[in-house]
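Make a model of the complete structure from these sequences and hints.
Residue numbering for the sequence shown follows the working numbering, beginning at 226 and increasing consecutively.
To be clear, the hints were calculated from the coordinates, so they are not data collected in a lab.
Some hints here could point you the wrong way.
Claimed, not checked - Here are the computed distance ranges between Cβ atoms for each label pair:
1. Ala237 x Gln396: 54 to 60 angstroms
2. Leu329 x Lys307: 16 to 22 angstroms
3. Pro235 x Ala266: 19 to 25 angstroms
4. Leu263 x Glu340: 57 to 63 angstroms
5. Glu297 x Glu376: 33 to 39 angstroms
6. Glu373 x Val323: 17 to 23 angstroms
7. Pro320 x Pro235: 19 to 25 angstroms
8. Arg318 x His234: 54 to 60 angstroms
9. Lys307 x Gly408: 19 to 25 angstroms
10. Ala300 x Asp369: 19 to 25 angstroms
11. Glu392 x Pro235: 31 to 37 angstroms
12. Ala251 x Val279: 22 to 28 angstroms
13. Val275 x Asp369: 52 to 58 angstroms
14. Lys366 x Ala296: 21 to 27 angstroms
Computed from a prediction, not measured in an experiment: that's the story for all the values here.
Every residue, glycine too, gets a C-beta built ideally from N, C-alpha and C.
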Amino acid sequence: MNKTMEIRHPSALPLYGVGLVWLLGALLFPIDQLWAFLLTAALSVVAGLVLRRVCPGRVETIEVPVSTGDAERDAMIASVEKNRAALHAINERIPDDVLSSAILRMEKACDGILESCLSDGGCDDRTLRRFAKYYLPDAVKILDLYAELDEKGVSGENAAEVRREVEENAQVIASAFEKQLDGLYSARAMDISTDLDVLKGMLKGQGLVDD
Numbered sequence: 226m227n228k229t230m231e232i233r234h235p236s237a238l239p240l241y242g243v244g245l246v247w248l249l250g251a252l253l254f255p256i257d258q259l260w261a262f263l264l265t266a267a268l269s270v271v272a273g274l275v276l277r278r279v280c281p282g283r284v285e286t287i288e289v290p291v292s293t294g295d296a297e298r299d300a301m302i303a304s305v306e307k308n309r310a311a312l313h314a315i316n317e318r319i320p321d322d323v324l325s326s327a328i329l330r331m332e333k334a335c336d337g338i339l340e341s342c343l344s345d346g347g348c349d350d351r352t353l354r355r356f357a358k359y360y361l362p363d364a365v366k367i368l369d370l371y372a373e374l375d376e377k378g379v380s381g382e383n384a385a386e387v388r389r390e391v392e393e394n395a396q397v398i399a400s401a402f403e404k405q406l407d408g409l410y411s412a413r414a415m416d417i418s419t420d421l422d423v424l425k426g427m428l429k430g431q432g433l434v435d436d
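Okay, here's the thing in C-alpha cells:
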C-alpha cells in the first residue's frame, strides 16, 4: 500500500509581478532617490503578497511506496498490491452480483494482509509468499478469464463449464483468502496471550486482582 505525499509547486507569477513593479517604478519614479526606491520596494512587496495569495501555485499528490526494509518482502507486497488492483478492475467488469460480492471479499482480505505486513507486528513471510506468488495470481487469472468470456459472449460447453466452476468456487476462494488473513495474526495472537498471562501474574503478585 502506498502513502501519498503532496509537493507544492509555487507559481512564478508573484516573481513576474514584483519584477513588473520595479520596471514601472524605474519608468515612473526617480528611482535613484530614496523615497522613490522605498515606495517601489513597498509596492513590489504588496504585489508579491497579493499575487501569492491569488495564485498559490499547484499542489501535486504523488504516491510513495512504503518500504519494510526487506527487499524480498517489499517485492511480495508490491505483487499483492498489483494483483489487488487487478481484482478491483475485474470486479468492475463483472455484472454478476454474487460473484462480485465474492471478489469484494477477496479485495478486503488483500487490504487486511497488506496492512498486517506493513504494521509493526509484521507478518509471516511464508504465508505471504504463498499468497503473493500462487493463490492471488491464480485467482486473478481465473477471474480475468471469466470476465473475458462474459464480455466476448463466448458460448459453448467449455466456456459454460468455466463460468460454472468460477461461480461455484468464488465464495470458497474468498473464504480461503480470509483464512490467510486470519493466519497472519496467529503468531501475534499467541504473543498477546502470553503477554496477558504475564500481566495477570504480575497483578496477582501485587494483590490487585483475585485468583
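Would you say the C-beta atoms of Pro235 and Ala266 sit inside 19 to 25 angstroms of each other? Once the Cβ atoms are compared, 21 angstroms apart, the range 19 to 25 angstroms for Ala266 and Pro235 holds.
Would you say the C-beta atoms of Ala237 and Gln396 sit inside 54 to 60 angstroms of each other? Holds, at about 57 angstroms.
Lying within 16 to 22 angstroms: is that true of the beta-carbon distance Leu329 to Lys307? holds, 18 angstroms
Quick check on a hinted range of 19 to 25 angstroms for Pro320 and Pro235, using CB atoms only. With a Cβ separation near 47 angstroms, Pro320 and Pro235 fall outside 19 to 25 angstroms, so the hint is violated.
Glu373 and Val323, beta-carbon distance inside 17 to 23 angstroms? holds, 19 angstroms
Status of the given 54 to 60 angstroms range, CB of His234 versus CB of Arg318: Distance hint for Arg318, His234 is violated at roughly 36 angstroms.
Can the suggested window of 31 to 37 angstroms be confirmed for the beta-carbon pair Glu392 and Pro235? violated, 55 angstroms
Per the hint of 19 to 25 angstroms, is the separation of the Cβ atoms of Lys307 and Gly408 within bounds? Since the Cβ atoms of Lys307 and Gly408 sit about 22 angstroms apart, the hinted range of 19 to 25 angstroms holds.
Take a look at whether the Cβ-Cβ distance between Lys366 and Ala296 falls inside 21 to 27 angstroms. holds, 26 angstroms
Is it true that Glu297 and Glu376 lie within 33 to 39 angstroms of each other by Cβ? Holds: the Cβ-Cβ distance is about 36 angstroms, inside 33 to 39 angstroms.
Verdict for Val275, Asp369 (Cβ pair) under range 52 to 58 angstroms: The hint (52 to 58 angstroms, Cβ to Cβ) holds, given that Val275 and Asp369 are roughly 55 angstroms apart.
Between Ala251 and Val279, is the Cβ distance one that fits in 22 to 28 angstroms? Taking Cβ atoms as reference, Ala251 and Val279 lie about 24 angstroms apart, which means the hint holds.
When held up to the earlier numbered hints, the structure conflicts with 7, 8, 11 and fits the remainder.
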